[in-house]
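Visitor: Below, each chain spelled out in residue letters.
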Amino acid sequence: MATVQPSSPPLPSGERVGVRGGFHPEVRPKPRPGLEPALRRVFGPDYRMGFLFVAPIVVLVLALVAYPFGYAVYLSMTRKYVGMPPVWVGFENYVRLTYDGFFQRAVVNSFTFTFASVAIKTVLGMGMALVLTSKIRFRSFWTGVLLIPWVAPTVVSALNFLWIFDYSLGVLNYLLVHVFGVLAHGVGWLSEPSTAMASVIGVNVWRGFPFFGISFLAGMKAIPGELYEAAAVDGATVLQRFRYVTLPGIRNIVMIVLLLSTIWTFNDFAIVYILTKGGPGGATMVLPVLTYEIAFGAQRLGEAIAVALYMLPALAFVIIVLSNYMRRGRAR
Amino acid sequence: MDTRLKHLAEQLDAGLIARREFLRKAAIVTGGTAAGLHALRGMARAQAKAKLRVWLFKSFVTAGNDVVAKHIEAWAKEKNVDVEMDWATFGDREQKFVAAIEAGNPPDMAEMNIYGPMRYKAALRDVTKVASDVAGSKGGLLPFAERAMKLDGKFLGVARYSMTTVFFIRKDIMEAKGLKPPKVYDPEVVEFAKKTQDPSKDLWGFGQTLNRSDDGDGFMDAILMDYGGGVWDKDGKPALGTSFLKQNMAALQFSVDTIKKYGIQPPGVMGWNDVSNNESYMAGKLVTTNNGASLYYAMVSKKHELAHKTLCVLTPGGPAGSYVGSSCYNWAVFQKSQKPDLCEDLIRYLEDEKRFTEYVQVSVGQAGPVYRGRVDNPYWKSDPNFDAMVQNILRSVNIGHPGPMTPAAAEVRGQKILTDMAGRVVVGGLSPEAALKEAHARVEEVFKIRSKA
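The listed protein sequences correspond, in order, to chains W and A.
Quick note on this note's numbering: the first sequence kicks off at 1 and runs consecutively.
Quick note on this note's numbering: the second sequence kicks off at 1 and runs consecutively.
What the hints contain is simulated information worked out from the structure, not anything from laboratory work.
For each residue, glycine too, the CB sits at the ideal point set by N, CA and C.
Relax, there's no trap hidden among the hints.
Just a few of them, taken from the derived set where beta-carbon distance is under 8 Å, the chain A residues facing chain W:
no., residue
1, GLU94
2, ALA122
3, PRO267
4, GLY271
5, SER280
6, ALA283
7, LYS285
8, GLY414
9, GLN415
10, GLY428
11, ARG442
Covered stretches of chain W, as calculated for chain A (at least 3 residues, CB under 8 Å):
no., stretch
12, 76 to 85
13, 177 to 189
14, 292 to 299
Please model the entire structure based on the sequences and the hints provided.
Guide: Right, here's the structure in full:
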């Protein structure tokens, strides 16, 4: 911006002045209503440097997140076969899926699988955390042992359960029938719709509850002991202490864990694919497995991506609701 | 230091040349050296080995895998080619192909299953010359293999061998009961199974899943045809719930009855995958089952006690005959390959009779003939169980039968629509009519989508 001699009297904008420098040696520039002052005002005087620092991560996010996501959205609106160029079909894939009974069943199964798994994991995880905060011997050892399902690779766990659930050769039926004598005959764990769904939920719970437990445990340890002491002095029972001290103290952690687990469970592919492949008769077909099947079995990539993206708004809604809840909690 | 640079430095020190002159000459010397080295590197590269990326099918017949790898390595040494071999199993090969093709980075050549040439047609090279030469030298291709390899008048795959299914029977149990191998499912297999099974000892007469699996889907596809029906009519249009409705109803009803009415299948059969019947048979819990020759290979190679107690016979049929689908493994060359000549040379090398016989001999029946000339190989007379394998291959039909082999037919199999149909009746509580109607709608949808393509 042009500088004006301190001795110069204030002049109307645009009046000729005999100063050096600036945009024009003889014309006092108008104060620009343009971009730069606005940028300075919004981002601060060092906004150029700021942009420079932020640029690498912006480029990375655009290249690794925004572009693939945008391309996936585009492909979901095309008819795309392997090795052939995509043909734009607009919302045709989404419309077809909406009226597809097999897809509708997969949506219902996905929600059943997700909500049942997350609910059971929450209860078990809370139990695990409460036990581990109490005064038990070898607490570190038990903490480590309970983490094993979470640490073991999913594929290995699922393959082990495939064997465990086998009707004739599996260890579960052997224990129930021959060792404990609880049942007269074995159960076809993976061959009936209800037991198959229960089995895949069970494996997901087995694998996922330690994450809940450890996260809740971390939250419980951060609650000051004085609160429990004060509650005890006030005559609060164990349940009341849990209700009015523990739960409010770990509320944010519970929300984060629920949020993450809901997303992970909804997108869980390996357990269902290895155990049932969506069977019997599509009874355990969930969206990730259906996506895989349409992509690699049918080789219709556009529609497969449409399946994957179809539930994105629902998941986004869950995330937004939970995030808002957490924000409100912090504000209070 | 380069002697020329050293000499220049001495001249500079002695004041014989100016500093500017020194810099100019030193730049020429170093630049010239660098350019020379670059040219030498280029020449060295030009003389380096050619590189070939080959993707192979990792079959359960591990001895066969070793033989193929050995042959390829021998060829690479002979031709001074650097071959990068990569393996894919039943479970991950399609994903690898899809990813590589979409990324524009497929291998030079690959071993594919029977659907490969049709599925990846857009990315494959015309190999008519080498395919015709190989077929010509071996008495010609079997019809089902030719239909799968030749699309629109061009060969997109060079056939190698066929994997088929046969009917496995516990010979010892059958003989103890004084029975003969069944030829049709209803009533012979049912009666055979009832007479030989002993549920109290967890021994079941028949083991055939109707769950979502290749085994289950192959069985369902075949049994529809055995009853005179099928998914497609002769023009390749959906017929599951229309022109073949009556026949398909009968076939579906029979399939379901093996589990629900006759009680000849193990209780957990609807939870089985492709290896479950192998495991159950080898554990001595099944009297009969349909399976590929890999089960026989597994028993023979492990010297399993049931290997010599097993009889392999032709797959049973129905009122309209017995239909079998066999695979046809083949070599395909990708369009993106820069070395198609090398690929074709490798194919000719591998399909040489001497080398192929070595492969067949370790495969224990899994590498069935796809060329007429190979049917008469004495190897197929070396074990009585091999006869059923060869005979099943000779009468094989393609997917889509009695119509053409189409992408829609492959997709119906890929999406497991037929096993879903059976499963909906066995465990889903649907009537056979409703399940057929539901499956027909899915087939129609696939047909409609594929027709647009």
